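A.B. asks: Here is how the chains run, residue by residue.
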Amino acid sequence: MMIVFIFAGILPAGCRDEPGGGEAIYAKHCASCHGPDAEGLRALYPPLRGSTYLEGRLPELPCLLKTGVRSTGSGAGKGRMVMPSFTHLSSGEMTDLVRYLLVSWGGGTNAPSVEDVESWAHQCR
Amino acid sequence: MKPRSIADGRYRPISTPFFPLILLFVILAAGCSQEPAEPLPVMGSIEIPYTFTDQDGNPFTQDMLSGRIHVADFFFTTCPTICPIMKTQMLRVYEAFHPNDELVLVSHSIDPEHDTVDVLHEYAAKLGISTEYWYLLTGRKKEIYDTAKRYGLAALEDENAPGGFIHSGSFSLIDRNGQIRGYYKGTEEESVDKLIRDIRRLLEEG
Numbered sequence: 001m002m003i004v005f006i007f008a009g010i011l012p013a014g015c016r017d018e019p020g021g022g023e024a025i026y027a028k029h030c031a032s033c034h035g036p037d038a039e040g041l042r043a044l045y046p047p048l049r050g051s052t053y054l055e056g057r058l059p060e061l062p063c064l065l066k067t068g069v070r071s072t073g074s075g076a077g078k079g080r081m082v083m084p085s086f087t088h089l090s091s092g093e094m095t096d097l098v099r100y101l102l103v104s105w106g107g108g109t110n111a112p113s114v115e116d117v118e119s120w121a122h123q124c125r
Numbered sequence: 001m002k003p004r005s006i007a008d009g010r011y012r013p014i015s016t017p018f019f020p021l022i023l024l025f026v027i028l029a030a031g032c033s034q035e036p037a038e039p040l041p042v043m044g045s046i047e048i049p050y051t052f053t054d055q056d057g058n059p060f061t062q063d064m065l066s067g068r069i070h071v072a073d074f075f076f077t078t079c080p081t082i083c084p085i086m087k088t089q090m091l092r093v094y095e096a097f098h099p100n101d102e103l104v105l106v107s108h109s110i111d112p113e114h115d116t117v118d119v120l121h122e123y124a125a126k127l128g129i130s131t132e133y134w135y136l137l138t139g140r141k142k143e144i145y146d147t148a149k150r151y152g153l154a155a156l157e158d159e160n161a162p163g164g165f166i167h168s169g170s171f172s173l174i175d176r177n178g179q180i181r182g183y184y185k186g187t188e189e190e191s192v193d194k195l196i197r198d199i200r201r202l203l204e205e206g
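Protein chains in written order, with the numbering used here: chain A, 1 to 125; chain B, 1 to 206.
It is worth saying that the hints were derived from the structure and are not from the lab.
Source: prediction; values computed, not measured.
Glycine residues also receive a C-beta, built at the ideal position from the N, C-alpha and C atoms.
Misleading hints may appear alongside valid ones.
Simulated pairs of lysine to aspartate or glutamate, EDC-like, Cα-Cα distance not exceeding 20 Å [to be verified]: (1) A:K28 <-> B:E189; (2) A:K28 <-> B:D146; (3) B:K126 <-> A:E60.
A short, non-exhaustive set of chain B residues, derived as facing chain A with CB atoms under 8 Å [as the list claims (entries may be wrong)]: (4) F19; (5) G57; (6) T78; (7) T81; (8) P84; (9) I85; (10) K87; (11) H114; (12) H121; (13) K126; (14) L127; (15) G178.
Okay, the calculated beta carbon distance ranges per label pair [what the hints assert, rightly or not]: (16) A:A43 <-> B:D101: 55 to 61 Å; (17) B:D158 <-> A:T67: 22 to 28 Å; (18) A:A111 <-> B:P41: 53 to 59 Å; (19) B:S45 <-> A:E118: 54 to 60 Å; (20) B:P59 <-> A:P36: 37 to 43 Å; (21) A:A31 <-> B:F19: 54 to 60 Å.
With these hints in hand, go ahead and build the complete structure from the sequences.
C.D. replies: In structure tokens:
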């Protein structure tokens with residue numbers, strides 16, 4: 001029993017990611033705006049089905065998730081986040097989310113690896 | 001011949017050819033004698049002494065609600081949590097009655113620094129709503145927050161909250177006389193179903 005507890009203590013942080021994988025991460029962080037079926041909300045929140053970020057622009061997706069989207073409105077509120085940044089997601093969680101989005105709504109079958117996602121995320125400007 | 005009776009087993013009421021008609025009459029009579037549904041409760045009255053600005057840059061005062069039923073809520077356009085869900089549900093109310101001059105929806109921004117007229121105008125355009133039936137309001141922050149209190153809804157700044165603000169996810173239903181008649185969870189479909197039914201009741205009251 002002591003061995004089990006010691007082993008659990010040295011597990012890398014990625015093994016203590018959010019439970020449920022990409023689907024749970026989506027439900028918790030994305031569904032309120034983009035909808036439970038990624039249908040979006042009229043022209044206010046874009047649908048994810050068919051999004052270019054799930055096709056040719058896939059390498060840009062980790063960066064978008066990492067930096068969020070800021071308001072371009074004028075006034076004292078300029079710069080507010082209109083889409084939050086998800087810097088708190090680990091590389092593993094980010095990969096799970098990207099894979100979930102790709103499989104669910106991008107029609108993708110070539111799931112990126114954690115290394116791929118980390119590499120793309122490091123290229124953020 | 002002795003009259004038939006139930007006791008001797010020769011009287012069978014159900015065998016009368018008129019039984020279906022009798023049954024129908026009983027059912028209809030029962031329906032007619034039902035007590036009318038209880039009226040919606042009166043939870044208070046609302047008085048808003050302020051002038052706000054709508055998404056078209058026009059002044060908005062409580063006078064514009066006079067004689068009309070309205071539903072009020074509080075939100076901000078960059079809200080990452082409950083507001084999108086609330087707007088989805090409020091859209092259901094909008095679509096259920098639009099266009100109807102007797103009902104108006106009023107959403108107040110609790111982040112007027114960011115939610116200027118231009119921002120609200122774009123937000124409304126993307127939502128696909130018509131100003132005359134759904135107002136998005138901005139104004140002085142203190143007055144907006146006081147208005148939330150008057151409606152019995154919470155709204156405050158909190159730098160630790162997602163988006164920087166905390167507010168109620170409820171919708172408040174106000175009748176033609178400025179009386180609060182109900183609160184509904186704006187993030188729950190069933191609660192908004194009830195809101196839609198209650199609006200119909202208020203419309204029928206005239």
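A.B. asks: Mind checking the CB of B:F19 against every CB in chain A and telling me if the closest is under 8 Å?
C.D. replies: violated (53 Å)
A.B. asks: Does B:G178 meet its interface restraint, that is, does its C-beta lie within less than 8 Å of any C-beta in chain A?
C.D. replies: violated (31 Å)
A.B. asks: Are the Cα atoms of A:K28 and B:E189 separated by 20 Å or less?
C.D. replies: The given pair, whose Cα atoms are some 18 Å apart, holds under the 20 Å limit.
A.B. asks: Please verify that hint: B:G57, Cβ, nearest Cβ of chain A, below 8 Å or not.
C.D. replies: violated (14 Å)
A.B. asks: Can you verify the interface hint for B:I85: is its Cβ closer than 8 Å to any Cβ in chain A?
C.D. replies: Since chain A brings a Cβ to about 6 Å from B:I85, closer than 8 Å, the hint holds.
A.B. asks: Is it true that B:S45 and A:E118 lie within 54 to 60 Å of each other by Cβ?
C.D. replies: Given a distance of about 59 Å, which is inside 54 to 60 Å, the answer is holds.
A.B. asks: Check whether the Cα positions of A:K28 and B:D146 lie no farther apart than 20 Å.
C.D. replies: Violated, at roughly 32 Å.
A.B. asks: Given the range 37 to 43 Å, decide if the beta-carbon distance of B:P59 to A:P36 lies inside it.
C.D. replies: holds (39 Å)
A.B. asks: B:K126 was flagged as interface toward chain A. Is the shortest Cβ-Cβ separation under 8 Å?
C.D. replies: holds (4 Å)
A.B. asks: For A:A111 and B:P41, compare the CB-CB distance with the range 53 to 59 Å and indicate the outcome.
C.D. replies: Hint holds: Cβ distance 55 Å, inside 53 to 59 Å.
A.B. asks: Against chain A, is B:K87 within 8 Å by beta-carbon distance?
C.D. replies: holds (7 Å)
A.B. asks: When you check the alpha-carbon spacing of B:K126 and A:E60, does it fall within 20 Å?
C.D. replies: violated (25 Å)
The structure fails hints 2, 3, 4, 5, 12, 15 and 16 (numbered hints given earlier, in ascending order).
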